[in-house]
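Chemist: Here is what each chain is made of, one letter per residue.
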Amino acid sequence: MPLVELKSVTKTYRLGEVTVNALDDVSLSIDEGAFTALTGPSGSGKTTLLNLIGCLDRPDTGVVLIDGRPTGNLGENQLDHLRSRVAGMIFQSFNLVPVLTARENVELPLHLHPLSRAERAARVDDALASVGLTRWADFQPDRMSGGQRQRVAVARALVMKPRLILADEPTASLDTANAVALVDLMRQLNQEQRVTFLFSTHDDRLLRSVSEVVELRDGRIVNMGATKDRAGAPHGLRCISAEVQ
Amino acid sequence: MLGLAAKNLRRDRRRTVATIVTMTVGMLAILVFLAWVEFVERSLAQVVIEDQANGHIQIYRKGGPNNLSAFPAQYSITRDDQFLVSRFVREMSAVRNVSYDMTGVGMVQHGTRSSIFLATGVDSATRRGRESDADRVRLTAQLADLIGARRGADIQLVGATYGNRMNAVDATFADEFSTGTEATEDKGLKMPLSLMQALYDTDSVSRVIVRIGDRADTDRIRDVIAAGLEQRAPGRFEVTTWSSPRVGQLYTSFMGFFQMLFLFTGTVIALIAGTTVQHAVRMNFDDRIKEIATMRAIGFSRARLVLLFAQETLLCAAFAAMLSIALTGCLFALLDVLHVTTTLPRVALPVTLSLALPWVHSIGVVGLSVALVAGSGAFAATRCMRRTMGAARDRSLARALMGGAVAVACVLLVPTGETRAAEPDTATMTRWLNRADLARGGAGTWNWTVRVHSSEPSGGTDTTYMVAVRDGDALVRTIEPKRYQNERILIAARAMWYVKPGLRRPISVSPQQRLVGEASNGDIAATQYARDYLPEYAGETRVEGHDCYRLRLNATRNDVTYAGIVYYVDRRTQLGVKAEFMTPSGEIFKTATFDYQTVRDADGKESPFVSAMTIVNTNFPDRMSRLEYSEVRPASLPASLFSLANFTSM
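The listed protein sequences derive, respectively, from chains A and B. So the first sequence is residues 1 to 245, counted in my numbering. So the second sequence is residues 1 to 650, counted in my numbering.
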């Protein structure tokens, strides 16, 4: 059973008098353990797709299933719970809470769950260690580099031990070295912990390291498959309704 | 979450400080205003209970509070009832003091100057013992100024007895006092109860005053007294407290106004605080929109985020609350040190401004404010959350304006098609008045006896006067009852004087005092309408079976008894059939109808003369007087009979 499945999903937005088709009849499934990139020009629907999978938004039509469970009928609280349990999120501009230290930022999602203080501390330490920031635990974001901040964001996403991490342009604000390091880190987590990664990116450095790519244009999937040879269905990625829409 | 909220307050310190300052000022304003209201309440209660001598509890005859001023005889407490009440009340341990009290109005006179007084008769059982000297009275400074009296001066008090007769007593101006209220500061007079009872010719009192140890206990003790009296004399007494609308009018009206003002001010402050909080939260929210989106993305529910903002607001408010309580304490202490005095509206004397607020009140008010502020923060956060995190709703609020008001003003011009007869000129009307005056004894030289029967709900009285008139001047002497024998009224050159046996000197009776009694002194002595009023023709009408001219008489001087009279003169006989007497504001307050007899004048010629006059109080129709004239004879009376010099020695 795929971890994420979209069936004929459509999403439109109104911008003043203009209706924009952000996603147009998109069907997609992602298996557990995939390391998948969403690519395409600006406005092609990448972020919208991530928001729908992350249950931050609802489709106009179609179905989004997470772990085989349709999200359309879930209430607000159930969606909050699903987000905190199943998916972690990483953003382009890190979005850390500036008044909190790295440790506290990572700990933030744990407050939503009934964990003891010791349990929380252990999890935070593990997450920080996994991103190599143990030494920086008590630093506030404004005293850290962009790469470190993004690693804190990754640790925050990891701390709940989610099965899926959604990342929206995670390397866009990073220099090459930090971007490469982040990509390596994500890949490592994917391989070692079997965390499923789905991220949007324009970054060739990142695209080169993924095994599967979904290319979007004008809200439709125009291409998908392995980045190098594109031969056969790549691991963990398949188009449900058609090879290419 | 609370830790995060506290840390969030450090993000934009300037904004946080500004928010806390605004909240502190708001709460400080509320606390100070509340303390001010409490101060005013305390001061007004003091004025009502002590300065106005109402005590804490008052016992009246049933209906007394509403009717005492109009029917003092009927609604005062008799001597037997005074004993009954005081015996019962004095047994109660919570009662500190029981006294009797009397209120009344009249004129106070010093030499040729006089003024209206509003008096309280205080018995020697009250805490102020200075009124115990039999004829020593206390005046407000303004009243003393009005009559030009200094301490130790001999003054005279004039009033209408409970039997509605004119009376006067001598007194000594002993000391000054303040009534406590501006409205009565130029009329206040305090006198011993016994003197007031002598003035009003009664042994009754207006009410029994009860003072207790603790003001807060008033209502409970009132209930006990009311129940006890009801058991002893069912339906006879009415028990009020100092805060009841009739007694504590100053207190209730002003506190009502103040509470409304407090509500208004509180609402304004709450709106300002609410708006400030909303604004601050909104700015915070907008600044942190990405962070909030992130928190939503990692699983924070809207409710949790709203709670976070509410906690931030709560922390600010709690800090502001502590600050405001501390500042309030400092301000109150400073006022105590500075001994600032202030004047309260409608209260005569300045009072020391002493603000204090019980801790329970302070904490309660501040706690409520904090809760409201935190709620306001939560509300603002919820709105922001809906605005930015929820589905955008395009709410177009269409407002339809109702227009089109059709107003057709129909002015009905009713032509005054009444064909009037030619109006009589002033000379003609004056001639009618002269003839009417003659028939009422207002002209010529006459002696007659008039018996006045006055009736009112509390009973009736009969008094007989002997009247001597000479061309408008008059001397009236009381014949019966015997206790009033030899009381005299002199009307000479429009001035009126009163004297009775034992009075040091005659009292000048003002135009207002002439109205004492249903049948006023002016009515008894007759008046010259032709001399004192200017007639104005007001048509014709039928009265008591007579075709009459309706004349509107306007006073030409301000020392006449009535400001205006509507006089109905028989067209055929030119005698007055009916008169309606008016106040200066033009309201009719009593009416008189006349019957006539035939008498012989000095020349032996027969002429009409009034035989009876029935006077009815317009406002209280069950109060009336009937004057019956007898022994009407022409007389030869010397002018010296009507001189003030001879008046006292008669």
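Some hints could be false.
As the list claims (entries may be wrong) - Not everything, but these chain A residues come out facing chain B in the computed CB check (under 10 angstroms):
id : residue
1  : L56
2  : M89
3  : L96
4  : V97
5  : V99
6  : P114
7  : S116
8  : A118
9  : F139
To be verified - Residues on chain A that point at chain B, a partial pick, calculated with CB under 8 angstroms:
id : residue
10 : N77
11 : D80
12 : S84
13 : F91
14 : Q92
15 : P98
16 : P109
17 : L110
Bear in mind the hints are in silico, worked out from the structure with no lab data behind them. Computed from a prediction, not measured in an experiment: that's the story for all the values here. Virtual Cβ for every residue (Gly too), placed ideally from N, Cα, C.
Chemist: Indicate, hint by hint, whether the structure satisfies it.
Modeler: Status of each hint after checking the structure:
1. L56: Check passed: Cβ of L56/A comes within 6 angstroms of chain B, closer than 10 angstroms.
2. M89: holds, 4 angstroms
3. L96: holds, 8 angstroms
4. V97: holds, 6 angstroms
5. V99: holds, 4 angstroms
6. P114: P114/A check fails; min Cβ-Cβ to chain B is 14 angstroms, beyond 10 angstroms.
7. S116: Violated, because the Cβ-Cβ distance from S116/A to chain B comes to roughly 17 angstroms (cut-off 10 angstroms).
8. A118: Result: violated, 17 angstroms to nearest chain B Cβ.
9. F139: Interface hint status for F139/A: violated (15 angstroms vs cutoff 10 angstroms).
10. N77: Hint on N77/A: holds, closest Cβ of chain B at ~6 angstroms, below 8 angstroms.
11. D80: holds, 4 angstroms
12. S84: holds, 2 angstroms
13. F91: Where the cut-off is 8 angstroms and the nearest Cβ of chain B is about 6 angstroms from F91/A, the hint holds.
14. Q92: violated, 10 angstroms
15. P98: This hint holds: P98/A lies near chain B, its Cβ roughly 7 angstroms from the closest one there, short of 8 angstroms.
16. P109: Holds - the Cβ of P109/A comes within 8 angstroms of chain B, reaching about 5 angstroms at its closest.
17. L110: Violated, about 10 angstroms.
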